[in-house]
Amino acid sequence: MSYSKHKSEESVEDYLETILILSKRLPEVRSIDVANELSYSKPSVSVAMKNLRNRQYVVVSEEGHIHLTEEGKRLAEAVYERHTLLSDWLIRLGVNPEVAVSDACKMEHDISPESFEAIKKCILSFLERT
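When the letters of the sequence shown are read in order and numbered with my numbering, they come out as residues 1 to 130.
Take these hints with a grain of salt, some might be off.
With a cut-off of at most 20 Å between alpha-carbon atoms, the simulated EDC-like pairs for lysine to aspartate or glutamate come out as follows [stated by the list, open to error]:
| # | residue 1 | residue 2 |
| --- | --- | --- |
| 1 | Lys73 | Glu9 |
| 2 | Lys120 | Asp110 |
| 3 | Lys50 | Glu81 |
| 4 | Lys106 | Glu128 |
| 5 | Lys24 | Glu81 |
| 6 | Lys50 | Glu62 |
| 7 | Lys106 | Glu117 |
| 8 | Lys50 | Glu70 |
| 9 | Lys42 | Glu28 |
| 10 | Lys50 | Glu71 |
| 11 | Lys24 | Glu9 |
| 12 | Lys106 | Glu28 |
Because the hints were derived from the structure by calculation, they are not lab data.
Use the sequences and the hints to build the structure in full.
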C-alpha cells in the first residue's frame, strides 16, 4: 500500500471512530461536531463526509445528522477497540496517559488483525490472572 493510500485509510478510520465516539455523547452528530472534535476546518470535514458517503460508511440526513451504516459502524468499532485496548495496555505498563493515547492512535492504524488479536488475547489472559 502506498504512503498516500495508507494515510487516506487512516483518515477514514479516524473520522469513523470520531463519529462513533460522538454518537455515544450526543443525541445527533453533525459535521460541525466532527470538525470541533478533531480541530479540522468545516470544508475539510465536508470533503471527508462526501468521501464517507461515497464509500457507504455514513448516511447524512436532510437535517445534516450523520449516521454510521452497518459497515461504517463495524469499521469504527474495530478501530475504537484497537485504540482503547492499546492505550489502556500502555497506561498499565506505566506509560504517561497522554503519550499512551497518542501512541495507541498511531498503532491502531498500522497493526495487522493477526497481531492485534494476539496482543488482545495476551492482555485479556493477563487481566484474568490479576
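Going down the list of hints, with the structure as the test:
1. Using a Cα cut-off of 20 Å, the hinted pair Lys73 and Glu9 holds, with the two alpha carbons roughly 15 Å apart.
2. Between Lys120 and Asp110, the direct Cα distance comes to roughly 15 Å. Compliance with the 20 Å bound is thereby established for this hinted pair.
3. A distance of roughly 25 Å separates the Cα atoms of Lys50 and Glu81; the hinted pair therefore is violated under the 20 Å criterion.
4. Straight-line distance between C-alpha atoms of Lys106 and Glu128 comes to about 27 Å, which puts the hinted pair past the 20 Å bound.
5. Between the alpha carbons of Lys24 and Glu81 the distance comes to roughly 14 Å, so the proposed pair stays at or under 20 Å and holds.
6. For the given pair, Lys50 sits about 14 Å from Glu62 by alpha-carbon distance, which is consistent with the 20 Å threshold.
7. For the hint linking Lys106 to Glu117, the alpha-carbon distance of about 17 Å falls within 20 Å, and the restraint holds.
8. Between Lys50 and Glu70, the direct Cα distance comes to roughly 17 Å. Compliance with the 20 Å bound is thereby established for this hinted pair.
9. Of the pairs offered as hints, the one joining Lys42 and Glu28 holds, with about 17 Å between alpha carbons and a cut-off of 20 Å not exceeded.
10. Straight-line distance between C-alpha atoms of Lys50 and Glu71 comes to about 16 Å, which keeps the hinted pair within the 20 Å bound.
11. Annotation: proposed proximity of Lys24 to Glu9 is violated, straight-line Cα distance about 23 Å (limit 20 Å).
12. At roughly 28 Å between alpha-carbon atoms, Lys106 and Glu28 are farther apart than 20 Å, so this suggested pair is violated.
Of the hints listed earlier, those the structure fails to meet are numbers 3, 4, 11 and 12, in rising order.
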